[in-house]
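Visitor: Line by line, the protein sequences are chains A and B.
Counting in the numbering used here, the first sequence runs from 1 upward without gaps.
Counting in the numbering used here, the second sequence runs from 1 upward without gaps.
These are calculated hints, taken from the structure and not from any lab test.
One or more hints might be untrue.
[What the hints assert, rightly or not] Per label pair, the in silico range of CB-to-CB distance:
1) B:Arg-151 - A:Arg-196: 49 to 59 angstroms
2) A:Ser-6 - B:Asn-106: 44 to 54 angstroms
3) B:Pro-63 - A:Arg-193: 16 to 26 angstroms
4) B:Leu-296 - A:Leu-81: 52 to 62 angstroms
5) B:Pro-63 - A:Ser-143: 40 to 50 angstroms
Yeah, the Cβ is synthetic: ideal placement off N, Cα and C, and Gly gets one too.
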Amino acid sequence: MSQLLSVRDLRVHFPTGRGGTIHAVDGVSFDIPRGQTLGIVGESGSGKTTTALAVMRLAPITSGKIDLDGIPISRIEGQELRRARPRFQMVFQDPFSSLNPRDRVGRIIRQPMDLLGLLQPPQRDARVEELLAQVGLRPELKSLYPHQFSGGQRQRIGLARALATKPDLIVFDEPVSALDVAVQAQVLNLIRRLQRETGLTYLFISHDLGVVRHVCDEIAVMYLGRIVEKASAARIFASPRHPYTQALIAAAPSLAPEHRRRGGGARLQGDPPSPVNLPPGCPFASRCPIAVNDCRSRVPTLRELAPGQAVACHLA
Amino acid sequence: MTEPVLDIRNLKVDFVTRRGVAHVLDDVSFSVAAGELLAIVGESGCGKSMTALSILGLIPSPPGRIVGGSILFQGRDLTRLRQSELRRIRGGDIAMIFQEPMTSLNPVFTCGEQIAEAVRLHQKVSPRAALARAVEMLRAVGIPEPELRARAYPHQLSGGMRQRVMIAMALSCEPRLLIADEPTTALDVTVQAQIFALLDELRQKTGTAIILITHDMGAVAEMADKVAVMYAGRIIERGPADAVLDNPGHPYTRGLLASIPRIDADPDADLPEIPGIVPALTDLGRGCAFAPRCALAVPACNAAQPHHVAMSRDHSAACIRLQANEVSA
Ligand SMILES: Nc1ncnc2c1ncn2[C@@H]1O[C@H](COP(=O)(O)OP(=O)(O)OP(=O)(O)O)[C@@H](O)[C@H]1O
Ligand SMILES: Nc1ncnc2c1ncn2[C@@H]1O[C@H](COP(=O)(O)OP(=O)(O)O)[C@@H](O)[C@H]1O
Ligand code: SF4
Ligand code: SF4
Ligand SMILES: [Mg+2]
Ligand SMILES: [Mg+2]
Numbered sequence: 001m002s003q004l005l006s007v008r009d010l011r012v013h014f015p016t017g018r019g020g021t022i023h024a025v026d027g028v029s030f031d032i033p034r035g036q037t038l039g040i041v042g043e044s045g046s047g048k049t050t051t052a053l054a055v056m057r058l059a060p061i062t063s064g065k066i067d068l069d070g071i072p073i074s075r076i077e078g079q080e081l082r083r084a085r086p087r088f089q090m091v092f093q094d095p096f097s098s099l100n101p102r103d104r105v106g107r108i109i110r111q112p113m114d115l116l117g118l119l120q121p122p123q124r125d126a127r128v129e130e131l132l133a134q135v136g137l138r139p140e141l142k143s144l145y146p147h148q149f150s151g152g153q154r155q156r157i158g159l160a161r162a163l164a165t166k167p168d169l170i171v172f173d174e175p176v177s178a179l180d181v182a183v184q185a186q187v188l189n190l191i192r193r194l195q196r197e198t199g200l201t202y203l204f205i206s207h208d209l210g211v212v213r214h215v216c217d218e219i220a221v222m223y224l225g226r227i228v229e230k231a232s233a234a235r236i237f238a239s240p241r242h243p244y245t246q247a248l249i250a251a252a253p254s255l256a257p258e259h260r261r262r263g264g265g266a267r268l269q270g271d272p273p274s275p276v277n278l279p280p281g282c283p284f285a286s287r288c289p290i291a292v293n294d295c296r297s298r299v300p301t302l303r304e305l306a307p308g309q310a311v312a313c314h315l316a
Numbered sequence: 001m002t003e004p005v006l007d008i009r010n011l012k013v014d015f016v017t018r019r020g021v022a023h024v025l026d027d028v029s030f031s032v033a034a035g036e037l038l039a040i041v042g043e044s045g046c047g048k049s050m051t052a053l054s055i056l057g058l059i060p061s062p063p064g065r066i067v068g069g070s071i072l073f074q075g076r077d078l079t080r081l082r083q084s085e086l087r088r089i090r091g092g093d094i095a096m097i098f099q100e101p102m103t104s105l106n107p108v109f110t111c112g113e114q115i116a117e118a119v120r121l122h123q124k125v126s127p128r129a130a131l132a133r134a135v136e137m138l139r140a141v142g143i144p145e146p147e148l149r150a151r152a153y154p155h156q157l158s159g160g161m162r163q164r165v166m167i168a169m170a171l172s173c174e175p176r177l178l179i180a181d182e183p184t185t186a187l188d189v190t191v192q193a194q195i196f197a198l199l200d201e202l203r204q205k206t207g208t209a210i211i212l213i214t215h216d217m218g219a220v221a222e223m224a225d226k227v228a229v230m231y232a233g234r235i236i237e238r239g240p241a242d243a244v245l246d247n248p249g250h251p252y253t254r255g256l257l258a259s260i261p262r263i264d265a266d267p268d269a270d271l272p273e274i275p276g277i278v279p280a281l282t283d284l285g286r287g288c289a290f291a292p293r294c295a296l297a298v299p300a301c302n303a304a305q306p307h308h309v310a311m312s313r314d315h316s317a318a319c320i321r322l323q324a325n326e327v328s329a
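With the hints as extra help, turn the sequences into a complete structure.
Guide: Here it is, written out as structure tokens:
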């Protein structure tokens with residue numbers, strides 16, 4: 001299988017201002033084959049968005065390599081980066097702030113084509129109508145403003161804008177978290193249909209396990225800037241091996257009869273440690289129910305436990 | 001049968017807007033008993049928060065007004081009380097926690113000071129004793145090193161810890177009723193589970209009645225004894241949690257449950273969708289508000305508001321085809 005996106009040992013560190021370092025992303029590697037979807041899950045602050053922004057070249061890359069279909073996007077700048085831009089686009093979480101309120105929808109969707117000089121200007125408007133239809137909106141809606149649309153419709157507009165450049169890769173950061181379930185189902189079905197029809201490759205971030213199960217082929221679980229487990233969607237839910245993945249799945253609310261009135265079924269205590277002063281050993285040791293002494297001194301590395309399942313835990 | 005702590009009957013709230021009168025709440029009735037957890041679910045804008053604000057006497061007025069019905073709390077009708085009396089009940093016998101604790105915590109006071117102040121508002125104790133009680137409350141909600149955290153300012157704590165401070169503050173007055181409006185929406189699942197465990201323990205230990213407002217059916221399954229499903233300002237289905245989740249009657253409830261992406265579902269199949277979007281409350285017709293989106297709608301649905309039809313003990317839904325027994329159970 002040919003890898004469309006390949007990320008190697010990515011690090012994104014931010015200075016704290018008090019001489020410290022925030023290890024937002026700390027040695028992350030993954031590949032996404034063309035036409036497939038990799039999901040990233042993990043708690044708030046684990047580095048999901050920062051990883052996505054680094055792939056989009058919207059966050060400063062401290063070290064590591066990112067290649068998109070042979071283009072070394074982590075190393076190119078200026079004109080070269082601009083020429084590569086149409087090939088990777090992003091859809092953001094907040095359908096309210098990610099669209100300019102003063103622009104009509106047609107202009108919002110046209111903008112990437114204008115900025116990157118795609119198509120002849122007269123053809124761009126026709127393309128806008130085509131894109132609106134593709135995301136299930138009537139073409140005449142292009143003359144309205146974002147505030148005249150519901151949250152779900154705005155996410156469709158964001159998607160049309162991302163599709164405008166005919167990208168190979170779309171990066172989604174929590175695209176349905178702000179939507180009600182009924183609307184969420186509509187948008188998720190649309191995201192999947194577009195992939196079936198056009199062979200797009202997706203990097204898909206969400207904290208909702210049901211959502212990633214539904215759209216992703218492979219899933220990476222992040223904790224404190226690192227991937228702690230990576231496996232196919234089917235495998236990770238059937239046999240999670242990292243204690244954090246296990247806790248995450250156990251805590252996911254579910255309608256199943258055995259979840260009724262269990263009061264949340266809390267397994268993990270405490271909050272994730274600060275990404276500023278990383279603990280010396282396993283980043284999960286302070287909350288891990290099975291931690292041993294060794295965990296607090298030695299960092300576990302990601303190793304393959306079964307074909308296609310890699311886990312970073314000394315005891316897995 | 002124990003007397004319900006809260007008994008809302010036929011509550012009606014109107015908002016006067018530029019586009020006309022919106023019936024924000026229409027004929028809303030439900031009750032909660034001591035130690036019971038009622039979940040109110042529905043899409044955003046359906047009136048969940050307005051229900052909570054009505055109980056607290058906090059409907060913004062103008063434009064809002066309670067135009068009918070009663071809110072009986074421990075036998076007293078809250079809709080007839082003066083603001084000064086309501087103020088005494090708020091944060092005392094009735095406490096509330098919100099989605100984003102940062103907006104309801106004061107950034108310039110320490111967490112300990114804020115809980116202590118809440119204690120002194122409703123109990124005659126010295127400042128010292130109130131502070132000691134604050135530390136005790138922080139310990140009770142599972143905050144590690146409570147003496148230290150009592151001296152921390154809200155911004156120095158994580159989201160999960162701030163929500164626990166809010167809960168500690170709400171609990172410090174030993175309320176009979178706790179209203180939690182989407183208390184975990186901003187939190188991670190493992191932290192959400194901790195907060196849920198805390199609420200669950202609370203109602204078991206102190207018999208506090210809880211109203212949990214959420215749009216997450218998973219949260220309902222994990223927490224609720226009873227459920228009320230709202231759509232466009234009305235309760236369209238209510239009943240014991242198991243009955244509503246396993247045997248939903250209203251087409252909207254059915255659609256809502258079916259559209260949730262589940263870990264154990266077939267990932268290759270598309271999610272069942274409810275087409276369309278929620279209607280604006282200013283242009284509701286005379287009939288069922290769900291009709292434009294309902295696959296089972298017939299002309300008669302637009303004629304009048306469907307009445308609640310009993311499905312089983314305490315379980316009912318407002319759909320005319322249920323009445324005619326045309327919705328198969
Ligand atoms: N520009 C920045 N400057 C300093 N720190 C940053 C910056 N961007 C992110 N961080 C920090 O990096 C860490 C990872 O943040 P990131 O936004 O990637 O998390 P996330 O997994 O997307 O979380 P969430 O689920 O809350 O969206 C956090 O500790 C965050 O505070
Ligand atoms: N100040 C206001 N003026 C007019 N309408 C309002 C106002 N506040 C809320 N509403 C309307 O009341 C309805 C119910 O709102 P709310 O109870 O907040 O919904 P939710 O179920 O999301 O909590 C919505 O249609 C909302 O638009
Ligand atoms: S390495 Fe140790 S602390 Fe880390 S997850 Fe495994 S058992 Fe837990
Ligand atoms: S009353 Fe009619 S429109 Fe309303 S839910 Fe029942 S069948 Fe559907
Ligand atoms: Mg993020
Ligand atoms: Mg609300």
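Visitor: All hints are to be evaluated individually against the structure, with a verdict given for each.
Guide: For each hint, the structure was consulted:
| no. | hint | verdict |
| --- | --- | --- |
| 1 | B:Arg-151 - A:Arg-196: 49 to 59 angstroms | 56 angstroms, holds |
| 2 | A:Ser-6 - B:Asn-106: 44 to 54 angstroms | 49 angstroms, holds |
| 3 | B:Pro-63 - A:Arg-193: 16 to 26 angstroms | 41 angstroms, violated |
| 4 | B:Leu-296 - A:Leu-81: 52 to 62 angstroms | 54 angstroms, holds |
| 5 | B:Pro-63 - A:Ser-143: 40 to 50 angstroms | 31 angstroms, violated |
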